[in-house]
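Peer 1: If you want the building blocks of each chain, they are given just below.
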Amino acid sequence: MTTYQPQTFQLNKTPTDDTKRKSKGRVLVAMSGGVDSSVAAALLWEQGYDVVGITMQVWDYTQCEIEEGAGTCCSSIDVDDARSVAERMGFPFYVMNCEAKFKAQVIDPFLDAYLQGKTPLPCVNCNTYLKFDHLVQKMYELDCDYLATGHYAQIVKNQNDISQIVISEDDWKDQTYFLFTLKPEILSRVLFPIGHLKKPQVREIAETRGLLNARKKDSTGICFVGDGKYAEFVEQHVSSDLLKPGVIKKYPTGEIVGEHRGIHHFTIGQRKGLGLTKTEPNPQFVIKIDAVTNTVWVGEEEHLFYRSTQIQKSNWFDHIQPEEILNVKVRYMHKGSPARIQKNEDGTAHIEFLEPVRAITPGQAAVVYRGQQLLGGGWIRS
Amino acid sequence: MNISDTETNHRFDHNLSLIYLDHNATTPVHPEVLEKIPLWAQYWGNPSSIHKVSREPKSILRETRKSLAELLGVHPLELIFTSGGSESNNTAIKGMFHKSNKRNHYLVSSIEHPSVLKTFEYLKTLGAEVDYIPVNQEGVFDLEFVKHKISNRTAMVSCMLANNETGVISPLSEISKLAHSVGAYVHSDCVQALGKIPIHLEELGIDMASFSAHKFYSLKGTGVLYHKRGVPFQNLIHGGGQERSRRSGTENILSIASLGYMVSKKDQVLEKNIKVKNLRDDMEREIISSISDVRIIGLTQNRLPNTSSLFIDGVDGETLLMNLDMHGICVSTGAACSSGSQEPSPVLRAMGYSRQEAQSSLRLSLGWLNNESQIEYFLETLKKVVLRIRSIKEVTL
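Top to bottom, those sequences are chains F and S.
Mapping the first sequence onto our numbering, position 173 (from 1) lands on 173, and the numbers just tick up by one.
To get our numbering, take the position in the second sequence, counting from 1, and add 1000.
Bear in mind the hints are in silico, worked out from the structure with no lab data behind them.
Every value quoted in this text rests on a predicted model; they were computed, and no experiment measured them.
There's no promise every hint is true.
[To be verified] If the Cβ cut is set under 8 Å, some of the chain F residues that face chain S in the computed set are:
#	residue
1	P92
2	Y94
3	M96
4	E141
5	L142
[Unchecked claim] Partial list, computed: chain F residues near chain S (C-beta under 8 Å):
#	residue
6	K103
7	D143
8	Y146
Note that beta-carbon positions come from the ideal geometry of N, C-alpha and C, so glycine has one too.
Whole structure, please, built from the sequences with the hints as guidance.
Peer 2: So, in structure tokens, the structure goes:
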């Protein structure tokens, strides 16, 4: 059994005397202006780290319809909130323009996925290419020793002194699902200062420190899409000739049971809003989205269950025995299903579940856990 | 004057004193202006009133207008106080558009300030025809383009006197000769030039010119528009009829007083700017000799005495700026932007530099309060930071 030395971030009851503080090192803290990353920065500062706060401006909110501060991140109101936390604590804070990178690495693949009939997971790309790649580079360039974020996740060292990611103390908020692509070699440089706390505690810390945004709403959904209006977002950002109406067919008979206004309106397992013209005796679900023929397949719920799946572009933090039974999450809110993993040389892997799993969706990730430890994962293939 | 005058006012964290090398963004308020503020604040009367509390404010308006007119070699009544450089540019350009009968074509340099470029973008939506004068990588204007495009349909040519990013000075008298030969007017954004180089509006053939107080050690909130008699004009702000009905709204007496005070020190300006130029030239020589792969933009051109715009290959300007800031040194990359983050400099992009080059740019703009020891500390820090960033690139990429 592996024993962990948890990284802890105790709260200082008395404020430190800034003039006498001895720095534990310099940390670049990614700050969105939300409560979590604000508290992360405040805790590090109180523990004697030299903090440099940074907000990545990823999206030009002056050009879009989303109401600022409406549970999205990194709008100009949120930038001001982050800046006010930095001013209150007294550490340097900067805004970095990452709009071009965000567009190329997050928005474009997001749109592309919908055109391919997949359901994208943009937060993972943002972590992979912005937070834990671009900011790691910036961490070195700004002469910092560590990079910290407000993720609900923990980093611990195993008995061989190797850093591993384990799930957050708040298993409801746990965000390790979005962290499977991190390069193992950077983990020793990464800090998750609120991973050992539960959300109410984080809010309490924000409140006792007088951080302005203690009562701010949690950001929900995808930061650049307002109010879950994904299809609308896709329509605003791709040329309309790529979004063609097509037919809805019944699986497995192939009978045409309706028409659709574009495959980007659908995700696997979807039941509502199908607009079928023919009444079926049982509830119908989206079973499959075929981008090549522009067809949406619907069927009975039993067709949603699969015993196995293939993943690609996988990333691993630790060894896996082929016979070992591990827990696999196929979407963020999935509690996980037991499975065996067969890794291949080319970065693909075969996942064999012990019991059939519902709605395994291309474009999402299958993320693998050993108990509380994040082992890695990969992208679900069509 | 000495930097210690300002040290107590601008104490930076970590006990570092501030080294301010961003005077083209704004200048610190001159220490003597700071001293006078409590006095001027007592002149709170409305200059438009008739009773005696309006006397001092009226006299401030009159004296500032007079001394600035003298400095620029124009008549005092040709100067209009506005809220700033952006308002001056907007008034001049939109006014010309509204009042120029039949002529609907404009020539604009491609490296103007956004308050000029965006105003023309707006006028295009109302039907104006706009051509942008190309500028090469050294900041030199394509006068052949002007000759080719200008015609008796051209209402106005708008071209800044000195560029805010590169400091390169435009060949305005040649441009205005071309403009006047076809009956077109010349507007010039002179915001960066005021207090840095002598400005002879008549000699340059400028018909309208914009200025801003806060680039000249004065308080923010005041701009000036030079409007030559007879040039088509339409006011932007309607109301109580101040400024001979050319700009309504109660005047910003405090800021106007500070501008007047600075203009009254004009005899010192030349001497101070020679000192700034020597400091800038020494700094550039040292940068070139001690850091590899650095290019200075417009080095061989006629430039403002205080500005230095460089590319430092392999170093992201944004990161460099943050590193220098953490050492108490204030510089900029491209033009300052209100959101605090920025796209790589549109001016450098318009001069034909790549996005990547623009991202490695750094703008240093010196001022009267800078001294040798500050520049020495800056150079030492710059060398260290550039070396460190370059070594990281090699390790991680």
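Peer 1: With reference to the structure, classify each hint as holding or not holding.
Peer 2: Right, here's what the structure says about each hint:
| no. | hint | in the structure |
| --- | --- | --- |
| 1 | P92 | holds (6 Å) |
| 2 | Y94 | holds (5 Å) |
| 3 | M96 | holds (6 Å) |
| 4 | E141 | holds (4 Å) |
| 5 | L142 | holds (6 Å) |
| 6 | K103 | violated (12 Å) |
| 7 | D143 | holds (7 Å) |
| 8 | Y146 | violated (15 Å) |
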